[in-house]
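Asks: Below, each chain spelled out in residue letters.
Number of protein chains: 2
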Amino acid sequence: MQYENDILLRLLQGEQVERPPIWIMRQAGRILPEYREIRASLSGFKALVSNPDMASTVTIQPIDALGVDAAIIFSDILVIPEAMGLDYELIEKRGPFFHKTIENKDDVDKLVQGADAADNLSYVYEAVEMTVDKLNGRVPLIGFAGAPWTLMCYMVEGSGSKTFYKTKSFLHKYPELSHALLEKLTQTIIAYLKKKISYGLEVVQVFDSWAGVLDQKMYSEFCIPYLKRINEAITEVPVILFSKGAWFSMDDIYALNSDVIGLDWTMNPKHMREKYGNERIFQGNMDPTVLFASKEVITNKTRETIQAFGTKHIFNLGHGVYPETPLENVKHFVQEVRNFRY
Amino acid sequence: MQYENDILLRLLQGEQVERPPIWIMRQAGRILPEYREIRASLSGFKALVSNPDMASTVTIQPIDALGVDAAIIFSDILVIPEAMGLDYELIEKRGPFFHKTIENKDDVDKLVQGADAADNLSYVYEAVEMTVDKLNGRVPLIGFAGAPWTLMCYMVEGSGSKTFYKTKSFLHKYPELSHALLEKLTQTIIAYLKKKISYGLEVVQVFDSWAGVLDQKMYSEFCIPYLKRINEAITEVPVILFSKGAWFSMDDIYALNSDVIGLDWTMNPKHMREKYGNERIFQGNMDPTVLFASKEVITNKTRETIQAFGTKHIFNLGHGVYPETPLENVKHFVQEVRNFRY
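Order-wise, the sequence lines are chains Z and W. Letter by letter, the first sequence follows residues 66 to 407 in our numbering. Letter by letter, the second sequence follows residues 66 to 407 in our numbering.
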C-alpha cells in the first residue's frame, strides 16, 4: 500500500531517508485533550480498548495533533492474558489487577493458547480495520504485543510491581512450568500478531517492558528464545523489539536480527553505534522527562540524539510519553525532528 | 575496637580472609518473626525508627537469628529530609508520603542543612550508641545514608515512584536549583555520617537507590560530584557506595575509589573482574529472588557468586531481602557462605 507519508516504511525498506521518522510511545493517550474527552465519556480504559470505533478514533488523533509519522493502534498488552482466560480489571491510579493468577501446572494447563486465544480478540482486529480505513493512506499503522516474559509478569504477579519478585521467584522455583507458560504465550502472541497484520498493520513492536528486572543469564534462558521465535515467525512486516532495561542482554538481542531494536534512555546512542556499527535501525531513545524542560533544551537534546544515532534511526522516546508532559513541548519536539535534515 | 567476629573488618583492612563476610540488606526486618513482633507492638515504622531502644533491639536480632557478620543500624534514609525540615509519613502498603515537597528556590532556601540538620537526629545517635553497647563486641556495626540524588527524589516527588519523572524533570528544568539542593543534602549527609561514626560505626554505606532512573550523562552531572565529596569526607571508616541500577556509570563510580562498590544483581561479577581487575572490594549481588528457590539452587548460585567475585568480596544480595522470603532459606544461604572456604 502507498502512503502520503511513507518515511517510516522507506527507512525500513533500506532507503536513505532525509530525517528520522518519528512516533511516540503512548502518543495516543492522556497528553491529548481530545483523547481525555473521549476517555471521560466511557466507563474506563478497558471500555475504550474494547470499543473498535473509539479505539480507532483515538489512534488517529496524534496524526493531526502532533504530526507523527505513524499511528500505533490503541490497545493494551494485557488483552492477550485475557484472551487466554485470565480476566483483569484496571483500577484507577493502581493499574491492572488479576483476580486469578498463575500458581501451578493446572493453571497453566487451563490457559487457551495460539489461534484459539487469538480468536477471542476480534475487537482488536476490528479496531485495526477501522483505523486503516480512517487513516485513509496518510501514515502506516503499527501494532504491538507484550513479550512473553512481560505478560507472564502480570499473570503471575497479578498486578504491577516494582520488582516482580513473585514472577522472578516463579522462574527460579518452577523453571519447566515457566517455559510451558512462556511457550503458550509465544504461540498466542504469534497468532495474534499475524492476524492483526492481516488487517493492515505495516510494522509490529514487541514490548518487553519488564526485561530489566532480570539479568543476562535469566534473560537468555527465559526470554531470548521466545523473542527469537516471534521475530522469525513474523515475516510479513518489519519487527521492532523493545526490551526495556535489558542493557545486559544487548548482545543477545542484537543477535536476534530484528529489523529494529528499541532502546531506552539509559543506552548511549554513540556507544551503541561504536559497538554494533551503522547498519541496524535503532529506535529511541530520548528521556521523556526532557520534554518537561525548555524548548531550547528539547531542541538541543533532540538534535544531539539524531546526530548520535546517524541515519538508521526511528526517533522515539526511551519510554512512553508521560501524561503530564506539556502538549506544546511534545509538538515542538515532533516539529524539531520533522524539520531536521541529515 | 576488637570484635569476636572481625572477618568484615579484616577484609576491609586488606587482609586475605578465608571466606567472604556476609550481611544482608534489610536483614533487620520483616523476614524475622522477632522483628514482626516488635513492629506490631508499635504504632508504625517511624515509631520504631525513632525509638533508640527498640531500633537497637531489632538491629541485633539478625546476628543471632541469621549469623551474619555485621549489624546494620535499623533506620530509614528519609530521616535526613525530615531533619532538614520536610516531614514525611509512612503509609501502610503505599510507602513514604511528604505533605510538603520541594518546588522552588524558596523551598530549597528554607531547608536546614549540615550540622544544624544532623543535630536533629539525636535519636539515631542514641540508637547507634545503644546498639554498640548491646552488640558487646560480637560484630561490627554498619551505618548508612541515602545518597543526595535518592533523597532529592523523595523530596521533589513527595512519594515513591516507578519513574521519578517529576524529579528528573526538575533536573532538566532547574539545573542550578537542583545543584543547590544536592549541595545542601551533601553537607547534611556528611555531617550526619560523621556524627554517627563518632558513636561507634565501623563502616558506612551510601545508598543511591534511584540511580537507575538516570543515564550516564545525568548521573555524572548530578550525582558523581556529590558522591565524590561524601566519599572523600568520610575518612574515619571504610565507605561502601551502592548505586542501584547505575550500570551506565560504573566507570565513573569505580573512579571514585571508594573502599567498596555495591552491585545490584544485573551486574555480572565475572565481567566486573575482567574489566576492573581483582583489587577493589565488590559487595553483592545475588538476586534476592533466588532465595525463594530450593536449597540446592540457593547453594549452587551462592557458590557461583563467590567464585565469580574472587577473594575481594563482601557477600550480600543485589537488593534488600524481600520480606516474604522463607526464613529457613535465608538461614541456609548465610550458612552456605559461612561454610565456604576459598
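Honestly, the hints are just simulated from the structure, not real lab data. All values reported here derive from a predicted model rather than from experimental measurement. Errors might be hidden in some of the hints.
[To be verified] Here are the computed lysine-lysine pairs in the DSS-like style, where the Cα-Cα straight-line distance is at most 30 Å:
1. Z:Lys335 <-> W:Lys282
2. Z:Lys199 <-> Z:Lys231
3. W:Lys259 <-> W:Lys111
4. Z:Lys282 <-> W:Lys366
5. Z:Lys340 <-> W:Lys282
6. W:Lys227 <-> Z:Lys227
7. Z:Lys366 <-> W:Lys282
8. W:Lys366 <-> Z:Lys360
9. W:Lys249 <-> Z:Lys282
10. Z:Lys360 <-> W:Lys170
11. W:Lys396 <-> W:Lys249
12. W:Lys259 <-> W:Lys360
13. W:Lys260 <-> Z:Lys227
14. Z:Lys158 <-> W:Lys238
15. Z:Lys366 <-> W:Lys111
16. Z:Lys396 <-> W:Lys259
17. Z:Lys249 <-> Z:Lys335
18. W:Lys238 <-> Z:Lys231
19. Z:Lys340 <-> W:Lys340
20. Z:Lys360 <-> W:Lys227
21. Z:Lys396 <-> W:Lys366
[Unchecked claim] Among chain Z residues calculated to face chain W with C-beta under 8 Å, some are:
22. Tyr188
23. Ser224
24. His237
25. Lys238
26. Tyr264
27. Gln281
28. Pro290
29. Asn333
30. Lys335
31. Asp352
32. Val355
33. Glu361
34. Thr364
35. Arg368
For glycine and all other residues, C-beta sits at the position ideal for the given N, C-alpha and C.
Asks: So if I understand the rule, the pair passes when the alpha-carbon distance is 30 Å or less; does Lys199 of chain Z with Lys231 of chain Z pass?
Replies: violated (42 Å)
Asks: Tell me if Tyr264 of chain Z is really an interface residue toward chain W, meaning its C-beta lies closer than 8 Å to one of theirs.
Replies: violated (33 Å)
Asks: Would you mind confirming whether the straight-line C-alpha gap from Lys340 of chain Z to Lys282 of chain W stays at or under 30 Å?
Replies: Holds: Lys340 of chain Z and Lys282 of chain W sit about 19 Å apart, inside 30 Å.
Asks: Should the interface hint for Pro290 of chain Z be scored as holding, given a Cβ-Cβ cut-off of 8 Å against chain W?
Replies: Violated - the Cβ of Pro290 of chain Z stays beyond 8 Å from chain W, reaching only about 20 Å at its closest.
Asks: Is Lys335 of chain Z within 30 Å of Lys282 of chain W, Cα to Cα?
Replies: Distance of about 12 Å is within 30 Å: holds.
Asks: Would the hint linking Lys238 of chain W and Lys231 of chain Z be met if the CA-CA limit is 30 Å?
Replies: Violated: Lys238 of chain W and Lys231 of chain Z sit about 37 Å apart, past 30 Å.
Asks: Would the hint on Asn333 of chain Z be counted as holding, given a Cβ-Cβ threshold of 8 Å to chain W?
Replies: At about 6 Å, which falls below the 8 Å cut-off, the nearest Cβ of chain W leaves the hint on Asn333 of chain Z intact, so it holds.
Asks: Could you check if Arg368 of chain Z really has its C-beta closer than 8 Å to a C-beta on chain W?
Replies: At 15 Å from the nearest chain W Cβ, Arg368 of chain Z fails the 8 Å test, so the hint is violated.
Asks: Is the hinted pair Lys227 of chain W and Lys227 of chain Z satisfied, with a Cα-Cα distance of at most 30 Å?
Replies: It holds: about 7 Å lies between the C-alpha atoms, which stays within 30 Å.
Asks: Given the hint that Lys360 of chain Z pairs with Lys170 of chain W, test it: the Cα-Cα distance must not exceed 30 Å.
Replies: Roughly 22 Å between the alpha carbons, so the hint for Lys360 of chain Z and Lys170 of chain W holds.
Asks: Would you mind confirming whether the straight-line C-alpha gap from Lys282 of chain Z to Lys366 of chain W stays at or under 30 Å?
Replies: holds (12 Å)
Asks: Could you grab the alpha-carbon distance between Lys366 of chain Z and Lys282 of chain W and see if it respects the 30 Å cut-off?
Replies: holds (12 Å)
Of the hints listed earlier, those the structure fails to meet are numbers 2, 8, 9, 11, 12, 13, 15, 16, 17, 18, 21, 22, 23, 26, 28, 30, 33, 34 and 35, in rising order.
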